[in-house]
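Enquirer: Single-letter residue listing:
2 protein chains.
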Amino acid sequence: MKKHMVIFQPSGRRGDVEEGKTLLEAAQSLGVDIEGLCGRKKVCGKCKVRIEEGYFEKDNLDSGMKHLSALSEDEKKHIKPEDGPQIRLACTAEIYGDVKVFVPERSRAGKQVVRKAAKELSIALDPAVKKYNIDLVPPTLEDMTTGDYERVLKFLEDDYGLKDLTFDYLVLKDLQDVLRKGNWKATVTLWMDREIIKVEPGFVETCYGLAVDVGTTTCVGYLSDLTTGRVVNTESIMNPQVPYGEDVMSRITYAMTNPDGLEKMQKAIIEGINEIIIRSISDIKNDDPKPGFAIDDLTIVFNTAMHHIFLGLNPIYIGRSPFIPAVQNSLDIKARDTGLKINPSAYIHVLPLEAGFVGADNVGVLIAEEPYNQDEMVLVIDIGTNGELLLGNRDKVCSTSCATGPAFEGAQIKFGMRAAPGAIEKVQIDPFTKEPVYKVIGKADWHTHLEKVNAKGICGSGIIEVAAEMFKAGIIDKSGRFVKDIKTQRVRKDSDGKPEYVLAWAEETSIGADITITQGDIRAIQLAKAAIHTGAKLLMKRLGIKKVERVILAGAFGSHIDRESSMILGMFPDCPIESVYAVGNAAGDGARMALLNRAKRVEANERARWVEFIEIATDPKFEREFMQAMHIPHMKDEFPNVKKLLEKSESTVEIKG
Amino acid sequence: MKKHMVIFQPSGRRGDVEEGKTLLEAAQSLGVDIEGLCGRKKVCGKCKVRIEEGYFEKDNLDSGMKHLSALSEDEKKHIKPEDGPQIRLACTAEIYGDVKVFVPERSRAGKQVVRKAAKELSIALDPAVKKYNIDLVPPTLEDMTTGDYERVLKFLEDDYGLKDLTFDYLVLKDLQDVLRKGNWKATVTLWMDREIIKVEPGFVETCYGLAVDVGTTTCVGYLSDLTTGRVVNTESIMNPQVPYGEDVMSRITYAMTNPDGLEKMQKAIIEGINEIIIRSISDIKNDDPKPGFAIDDLTIVFNTAMHHIFLGLNPIYIGRSPFIPAVQNSLDIKARDTGLKINPSAYIHVLPLEAGFVGADNVGVLIAEEPYNQDEMVLVIDIGTNGELLLGNRDKVCSTSCATGPAFEGAQIKFGMRAAPGAIEKVQIDPFTKEPVYKVIGKADWHTHLEKVNAKGICGSGIIEVAAEMFKAGIIDKSGRFVKDIKTQRVRKDSDGKPEYVLAWAEETSIGADITITQGDIRAIQLAKAAIHTGAKLLMKRLGIKKVERVILAGAFGSHIDRESSMILGMFPDCPIESVYAVGNAAGDGARMALLNRAKRVEANERARWVEFIEIATDPKFEREFMQAMHIPHMKDEFPNVKKLLEKSESTVEIKG
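Just so you know, the sequences run in chain order A and B.
One gets our numbering by counting positions in the first sequence from 1 and adding 349 to each.
One gets our numbering by counting positions in the second sequence from 1 and adding 349 to each.
Only chain A is shown next, with the shape it has when bound in the complex (with noise of 0.2 Å):
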């Protein structure tokens, strides 16, 4: 049968699918995320979808389109004029030919799972942002000479001892009208106690701001009330960037080639943003004509080259020697200055970079985690597109970068997928059988053979279990290669020839095929991990201690990244297991702080400067640290930690020391 070329965006997934197969159809079987809410029965509209190539609407629009089936009724019925051109409904559309096809987040099945509940802070809350209910009394005209503004002023003076303060101008325009609609009763928010960023009618208590961790794959958003310092919601999209490279490099490359590389660039993300901030606003003010203005604080954090695209800074000066910065220092923006739509008399705080391509991000899982609060040596791991490396303790800490590639957030992985329902998050392998069972997002039970789960691929938390089950149960050896005569039909050769294992068998999952974990995806694992390895290590080095005495574990996964897994892999050198946490997104946790707690913006500035940084992929030792660390868990290094787990569980591998 004929096969035409499929590619979607923005993840990127490509594949050939056969003729007369729907766009719904094509994107489940590569794991690409589109909305299905009616079953393909073309009537929720949900799986709206935009054809960047091979759309002749011109040529073809009545009488069928040359690369897909003519537009139906149904899709008709459902495409209006504001969806803009070219959108079709995936679960509708055929594919004739090859096409480009561009998956609108709105039409993305998953939302990313990000714990609902977030983390709880131990901090003392003292936001930037704070509401004062004033009262004033009506004006006479013996008092006539002084202003609407002047008797605010007064009242936070006497009342609150609040001096020195300024108005934001936007706010001064809405003043007369805003106190005589609350007959002289009103809520004025500050910012840093300084300046009058809104003036609501009457007495308003509650206070939004967001913390924002943009990712090179992944962006989310949580929004706070600052009079509790609770997360009220948590929203996330895919970064509207990766259409333009999936890593950092490929868009400083972008922004470097094209003239509006960076302009469309920064476009994107701020727009990205603005549909969390939307998304995260709209179920508490739904009835707001602009539900954003109710966010009066965003604190922002990313890695540098993120930092500098979303600023619309050149970063083209960061991707070449001597790699400066344009700014490293916290920045406080008008919000109506960056393009983001909330409160636009708010600031937005971008939280400072330490150097290089150790970003804002970074400094937000330093402010989180604190380790030069800690007498104990601390290693933490910051997993994302990059990962991100601090050690040290009170006196001194170190920080570099290790390019992990995308791995670990599902990409370059043949059924990777975000931390979204469908997702396989954990996973456990019997040694003796070989035979799985994982536990799959968005259900709460792990799975029972050939039952009907709807799995769709597999997330990072999942993908890191896998590696560390599979070497458990001597699917593959130390040196990642799938072990050869293996008596289970769950390894197999794919159509070039090479293993791979069968996770999730076609009829449990919605794809409609076996999720499997190629030789591939070991690969691209072992990288990723002996990346992280040789960061830790050659930090070690520098600071000259052998061993360390806590490992932090942080990312932005669906859940908590497995330590046992991760320490069975050698992703960081041998450390007992109950000297290792998992804490989630600490670089989100960091923006949260410095969005309740001030003070922690002052410190992240000052720590980011404290903190050393140390370029390790220049160091002569690199190559062949990076060689050994490849290995699982290491091909060197004795593991007497991992070697105990190993003999924990009922694993039938035998590891070194």
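Do not rely on the hints blindly, as some may be mistaken.
The calculated PhoX-like cross-link candidates involving lysine-lysine, where the alpha carbons are at most 20 Å apart (straight line), are [as the list claims (entries may be wrong)]:
1. B:992 <-> B:895
2. B:827 <-> B:616
3. A:616 <-> B:522
4. A:522 <-> B:616
5. B:613 <-> A:522
6. B:522 <-> A:613
7. B:370 <-> B:351
8. B:370 <-> B:449
9. A:351 <-> A:522
10. B:480 <-> B:634
11. A:415 <-> A:351
12. A:351 <-> A:391
Quick caveat, the hints were computed from the structure, so don't treat them as lab data.
With the hints as your guide, set chain B onto chain A.
Expert: Quick look at chain B alone, frame taken from chain A:
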């Protein structure tokens, strides 16, 4: 012959004009200012006007329009699409029906004449905006953890001792390229030694600021070099809000009664100031696509209503009891938030208000004349569409405002005009022959009889002089009435049978008509001077003083107001002539001082609060005082000094005292 009503905006001049006359002829006969460089040869295209009513293009485009002649070939050649709709050349379009015509500022003949050399201010130079040259060491791999931003801050701290600086976000965006373009030499512009508002490659020395005085009728801008304090250019326009109301109250009413009234008037004044900005800087930066961006600071003064409208603040509350302004303090607003097209990172410094209608312009007068530093009892009179008075010394200063009307600005005077070329600015009348001599702006010498001097009308300073001279020559009496049976052809009856005095014969003018001073003109002058006198008198009563020791006459006249004429008219209580000073535009001087010395901004805020505002319109003595002050110089008060003046001149008039 058939006549049609022609109305010209924004001046509001109107009259019946013979059918077949051109719009330019109509304008000249009505004293309306339209450029006619080519002398009606239809080649310069400078006399473009917009037809607001009476233009029926759709029906009659080629066949001739109902109210105007058909569009000629000459007009088609000159009128471009970017001129907008309904544009005609005034020299060509002939009148065949009633029309309303708007004369754009660029088509007006005369720039307001304000002395280019603007008064040398004796003030220490310490502007809010300063430029600093920096010379950085190019970065290397050894100091890669320092960003561009931090390098600039470090240099400014090490070499200039400037600490805790912030960067405007827009400047930050340019920083990387600017530093590299200048090979790490650059010039940093600082606002209040606090915020970096510009970075330019290489070493730049000059630094420009603009002081703006927005009057009800005219607006003036003084472009100053902040490194020398010199005024390098002065530009003025008619306030483009005039079509929405000629005085303050009618503009407030317009804002109250039209939903978009405030917005329209705000837009008009912003565009007007942008016109001043472009004109003032474009000689200097004529190769710059955004010449206004060379201006790094702007101070602005205006009365309370103009202040509110400029800021987009609803003026409704200052127009009704208890007359509370939105804000009184000075404001610093980002230029980009106002729409003013100077450096978008710069600040607009809005001087504070005093109270009621005593606005930032009077604060300008206050800090320019500093009555609070005087031992003598000083009366400062600022004459505009509103008159504002200050009376006091270092112990106490009181202020009030009085509704003078726009007579002294040339409006509501039959041949009144702005102080532009062609305006009669000085007048002397022979007390025996009643023959005048006068001086026209743009001509070096006084005119001689029947010499063609192209007079067009009479401006503020001329109006005051002609009234005083007519009194001295016995043409009008103490009550302001024309004296009957004067033997001169200069005094005659107008078409309504009212007496008028011919100041210039048609042969001497460029408008083809006699320039006359009517009984109505004299009444308007009397009302204006009486308002000022009454204000001064009641302030003196409140302060319990019998006489003033110094009088300062201020106002944005073309030349200085003649102190003798003002005294003779009785514009203020009697005072020795040697203690009367005419200082020109003191409000503008105050704006310039705030531009050149930042301590003046602090002084302005403090003194605006310190001055006591006194409402005189509600004083029970007001009406009687006003009636008495209508007389020249006064009905009852003694004016020994005026008597001396009259004796010294050869006037035949006798006054009491």
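Enquirer: Taking the earlier hints as the rules, which of them does this structure contradict?
Expert: Hints 2, 9 and 12 not satisfied by this model.
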